[in-house]
Amino acid sequence: MRLTTKRYLQGILWIALYLLLTLAPLFLLLVGPTPPGRGFWREFSVALGFAGLAMLCLQFVLTARFRWLKAPYGSDIVYFFHRQVSLVAFAIVLAHPLILFIEDPARLGLLNLFAAPWRARFGVTAVLALIALVAISLWRRRLRIHYDEWRIGHGLLATAAVVLAMGHIVLVGHYVGTPWKQALWIAYGVFWVGLLAYVRVIKPWLELRRPYVVAEVKSERGNAWTLMLRPEGHAGMTFHPGQFAWLTLRSSPFADREHPFSFSSSAEQPERLGFTIRELGDFTRQIGQVRPGERVYLDGPHGAFTTDRHDHAAGFIFIAGGVGITPIMSILRTLADRADRRPLTLVYANREWEGVTFREEIEALREACRLDLRVVHVLEQPPAGWNVADPRQGRERGFVNADILRRHLPHFERRNIYEVFMCGPQPMMDAVERALLGLGVDMGDIHTERFNLV
Numbered sequence: 001m002r003l004t005t006k007r008y009l010q011g012i013l014w015i016a017l018y019l020l021l022t023l024a025p026l027f028l029l030l031v032g033p034t035p036p037g038r039g040f041w042r043e044f045s046v047a048l049g050f051a052g053l054a055m056l057c058l059q060f061v062l063t064a065r066f067r068w069l070k071a072p073y074g075s076d077i078v079y080f081f082h083r084q085v086s087l088v089a090f091a092i093v094l095a096h097p098l099i100l101f102i103e104d105p106a107r108l109g110l111l112n113l114f115a116a117p118w119r120a121r122f123g124v125t126a127v128l129a130l131i132a133l134v135a136i137s138l139w140r141r142r143l144r145i146h147y148d149e150w151r152i153g154h155g156l157l158a159t160a161a162v163v164l165a166m167g168h169i170v171l172v173g174h175y176v177g178t179p180w181k182q183a184l185w186i187a188y189g190v191f192w193v194g195l196l197a198y199v200r201v202i203k204p205w206l207e208l209r210r211p212y213v214v215a216e217v218k219s220e221r222g223n224a225w226t227l228m229l230r231p232e233g234h235a236g237m238t239f240h241p242g243q244f245a246w247l248t249l250r251s252s253p254f255a256d257r258e259h260p261f262s263f264s265s266s267a268e269q270p271e272r273l274g275f276t277i278r279e280l281g282d283f284t285r286q287i288g289q290v291r292p293g294e295r296v297y298l299d300g301p302h303g304a305f306t307t308d309r310h311d312h313a314a315g316f317i318f319i320a321g322g323v324g325i326t327p328i329m330s331i332l333r334t335l336a337d338r339a340d341r342r343p344l345t346l347v348y349a350n351r352e353w354e355g356v357t358f359r360e361e362i363e364a365l366r367e368a369c370r371l372d373l374r375v376v377h378v379l380e381q382p383p384a385g386w387n388v389a390d391p392r393q394g395r396e397r398g399f400v401n402a403d404i405l406r407r408h409l410p411h412f413e414r415r416n417i418y419e420v421f422m423c424g425p426q427p428m429m430d431a432v433e434r435a436l437l438g439l440g441v442d443m444g445d446i447h448t449e450r451f452n453l454v
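Just so we're aligned: 366 in my numbering is position 366 of the sequence shown, and the numbers increase by one with no gaps anywhere.
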C-alpha cells in the first residue's frame, strides 16, 4: 500500500495533536500554585481524571465524520480506535475516584448523593452516566436495544458525562484558579459546544438543503434491495467507488436516525446513486417497503476503501462475503465504465447459489470482456453437480481458506503489486486476513471495510 507523503504527514499530525490535547491538562497541573497538604496519590488521581475527561471530549471529534481526519486511516480504523480508546478513557476516569477511596475510605460517604456536596454529586453522577454508556454499548444486542434508540441514548449519556464532569471540576475549584488553567477549560468547553452545534445543527441543516428522491427500488438475489436515488434541486454527490454514505429515510436529518451503507453504483454515474441493502437488522428489515418518490438525505461520501487510492497497482483482488459484495460491485462497475483493463480476481463467498447477489451482472461483466475479471464462487451449500475438481472453473465448496486462496490468487512476490480489498461478515474477514498473511501478503496491501460501528 502506497500512501502519499501528504497522507503520512496528516496521519502523524492528527496523532500528535490527539496526544497533545489529551496531555495538556496534565501539563497545566504543574503551572501555578497547587493546593497544600495533598499527597502523591491524591494528585495522581486528579491527573487521571483530567486525562480521562480530555479523552472523552475528543471522542466527539472521532465520531463527527470529518473527512480530513479519517482520510489517512479510513473510517473503520477511526471507529475501531474510538471503541478501544473509549474503554481506556473509562478505565482512567474510574481510577480517579477508586484511588481516592483507597487512600481514604472515609470518602466513600461522598457516594451518598443526598448528603454529599454538589461537587461530589456532579462527579459521581458523571461516572454513573459513563458506566451506563459503556454497558449499553457492550451489551446492546444482549439487552435488545434498537440501534436508533441506542444512538440517541449513547449521545445523551456521553453529553451528560462530559457536562457533569466539567461541573465537578469547576465546583472543586482547585485547578481552575489561574488564568492559564481557566483558559484551557474554557477552550475545551467552547470547542466541545461548537462541535456539538456543528454535528447536531449545522450538518443536518446542510443535508436538509440537499435532498434525494428514490427513483427506483429493485429486488436483488440474496434477500437484498437496491435503492436508486436522484438528487432533487442540486447537482448530486461525487464519490470514489467503494465509499459509503450515511442514509436517512422517512425521517429528518435532525432526528439522528441515519444508517451507513456502501454505494453499489458506478462512481462514473453520480447522477444516479445506488445502495444495495440486505434485509438483516433493525432498519433494513423494511427496506423492501420503500417506494419511489420517497425523500432521502445523505451524509457522505466517507471511507478509504477504494481502488482510487492505489493507481500504482498492477491489479486488484476482491474477497467478498454475502452482501459485502456491495462496495466491491461499485468498484467493478466503475472500472468497467472507465475501461480499466488491469487484471482482477473476485473470490465471492455465499451460503447457496440462488442467494448470490449480482450473480448475473458479474458474469456479464466478465463475458462481455468489459473487465479482465476472474471470478471464484465459494458456496457453503452448493447445488447438485457443483464441480470443484477443475480450479479453472472457479468453483469451490465450504469457506474461504488458505488452500482456496493459494489455488486462485496470483503470487505475491513483491509488495504494492496487487492490492486486496475484502468486505464481508466479521468472522470471515478475520479468518481470511490471517490466511492472507500466512500466504505472505503484506499487511499494507490488505484493505477491509467493517461496519461494526457499535
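If you are wondering where the hints come from, they were derived from the structure by calculation, not from laboratory data. A couple of the hints might just be wrong.
[What the hints assert, rightly or not] Ranges between beta-carbon positions, derived for each pair:
1. F66 / H146: 47 to 57 angstroms
2. G194 / V217: 37 to 47 angstroms
3. T178 / G440: 36 to 46 angstroms
4. D372 / G293: 50 to 60 angstroms
5. D308 / G440: 38 to 48 angstroms
6. E361 / R250: 42 to 52 angstroms
7. G293 / F81: 13 to 23 angstroms
8. L9 / L138: 33 to 43 angstroms
9. P427 / F81: 14 to 24 angstroms
10. E360 / R209: 47 to 57 angstroms
11. H146 / R7: 43 to 53 angstroms
The C-beta atom is built at its ideal place from N, Cα and C for all residues, glycine as well.
Violations among the numbered hints, reported as their numbers in ascending order: When the structure is compared with the hints, numbers 1, 3, 4, 5, 6, 7, 10 and 11 turn out to be violated.
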